Amino acid sequence: MAITHAHASGMGGMRGAGDLVARVQMSKGMRTWEAKQYVADKLGVAVAELTDPVIMTEVREDMNIGQITPLPGCAKGIEAKFNIQKALDIQINCVDRFRKRAAI
Amino acid sequence: MAKIFSRYGDGTPLELDEKELMEELHAGTEDAADRAKVSTLTDDDLKHLYEILASPYKFVSVEPGKEVLLTYDAGTLKIRRVGVNVDRIQALQIYEKIMGADTMELCHVDYSYKPLKPIVTMEQPILEQALLSTHIPLFYGAMPNLGLYSQPDGPFPNPAELLPNGKIKEARESLEQTVEEAVRDIVFAGSAMYESGADGINLDSVGAAGDADFLASLMATKKLKEKYPDICIEIGMAGEFILGMHGELEFEGTRLAGLYAHDQVRLAAQAGATIFGPVVNTNTTETSAWNLARAITFMKACGEVAEIPIHPNMGMGVGAVPVNDHPPIDSVSRASAAMTSLVRLDGL
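The listed protein sequences derive, respectively, from chains A and B. In terms of my numbering, the first sequence is residues 1 to 104. In terms of my numbering, the second sequence is residues 1 to 348.
If we strip away everything but chain A, and leave its shape as in the complex, we get:
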């Protein structure tokens, strides 16, 4: 059922920019259509491209913000979330706490 919704109506998560749009909604309280525009502007893509896995894989690779198939040396997990925070100019709770705990 989760897969059915993901294909019928979802943004595709990391296959596109679903996780990024969700982060903006969660941290800034934006409606989805506003959050999509915000993310598209920050990534330099069109709103329609946010769910295109081919385009978004290139964008995610270029910006080092995490991708479905992790290449050697690319940012993964919390490393990618540091880059997401910077790229989207949003607060990410675990990144802030990582920075504090690691005394960075």
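Because the hints were derived from the structure by calculation, they are not lab data. If you're wondering where the values come from, they're calculated on a predicted model, not measured in any experiment. One or more hints might be untrue.
Calculated pairs, SDA-like style, for lysine to any residue (alpha carbon to alpha carbon, straight line, at most 25 Å) [said to hold, decoys possible]:
1) LYS76/A <-> ILE94/B
2) LYS222/B <-> ILE90/A
3) LYS222/B <-> ALA208/B
4) LYS66/B <-> ASP41/A
5) LYS28/A <-> MET1/A
6) LYS225/B <-> LYS76/A
7) LYS97/B <-> PRO72/A
8) LYS117/B <-> GLU173/B
9) LYS28/A <-> ARG344/B
10) LYS76/A <-> LYS97/B
11) LYS66/B <-> TRP33/A
Dock chain B against chain A, hints included.
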């Protein structure tokens, strides 16, 4: 007249002709409008719904560009429920990398805030480790579940035993006491998980035990928001209206009993929730067409007044998704596409 494949609310297949399908849609929207005192769907809405339901294809989707966000309740629990033997961090990774999830939720199998309290220090390191290796936003979630606070599971007299004996005052006092305890537990566990780095806290199945359950969730949300102004809180409902188990409970001057989604969302926003998850129950003996028109009527009214993002619940047994452990793709995709295209919503 051509026959159209459809289903009942429990997933049982049936066939309808064109006239019958349209009659089901009209009956569904009229039922919702009558109950919630909201507008019925327009002729254009019904025509759009008809086209989705009459599609000969097995799978239906929204148009490109109209996709929405997906949040999940009881996230990691569902992997274990189907007998897949992976731990919870692996379950999160499966959703993230394989199932196209935009967000995900970490949760415990005993999915209520009360039992979390004594084990929260065991839950925190799991979340902290999960946050190191995942990318998508992670909620930590559980249910307020006020039923756990009355005897024999909890300390207070059971309102369900008091009410049939005419002890209304005693039942109300008991419910008021459970609210205080539940708020304490939700704020305690929610604070701990937020301080471990959770991207959001999910209060799931809110209102399952009636108006006291809803009140406890609103009060806990308000307290968490005051404590952590940047916290993201999702309030996901249990049913389509608030059961008046107490009957007189209010949140900031609004009586809670009997409220439907379009009124619930106002209170969720007032309490400080970031996302609201309204619910419409699926009726197993009515058709998918009836259920879908009915669900969309409730949700459309909610979407029109919502000032915060809404993610209508579309899991098994709600949002016109059949009450079945294995909801058919034809029904789920039609419900998903119709809800997303006709309601001013943000996610599912």
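Right, here's what the structure says about each hint:
no.: 1; hint: LYS76/A <-> ILE94/B; result: 15 Å, holds
no.: 2; hint: LYS222/B <-> ILE90/A; result: 23 Å, holds
no.: 3; hint: LYS222/B <-> ALA208/B; result: 19 Å, holds
no.: 4; hint: LYS66/B <-> ASP41/A; result: 18 Å, holds
no.: 5; hint: LYS28/A <-> MET1/A; result: 29 Å, violated
no.: 6; hint: LYS225/B <-> LYS76/A; result: 31 Å, violated
no.: 7; hint: LYS97/B <-> PRO72/A; result: 17 Å, holds
no.: 8; hint: LYS117/B <-> GLU173/B; result: 24 Å, holds
no.: 9; hint: LYS28/A <-> ARG344/B; result: 19 Å, holds
no.: 10; hint: LYS76/A <-> LYS97/B; result: 12 Å, holds
no.: 11; hint: LYS66/B <-> TRP33/A; result: 9 Å, holds
Hint violations for this structure: numbers 5, 6, all remaining hints satisfied.
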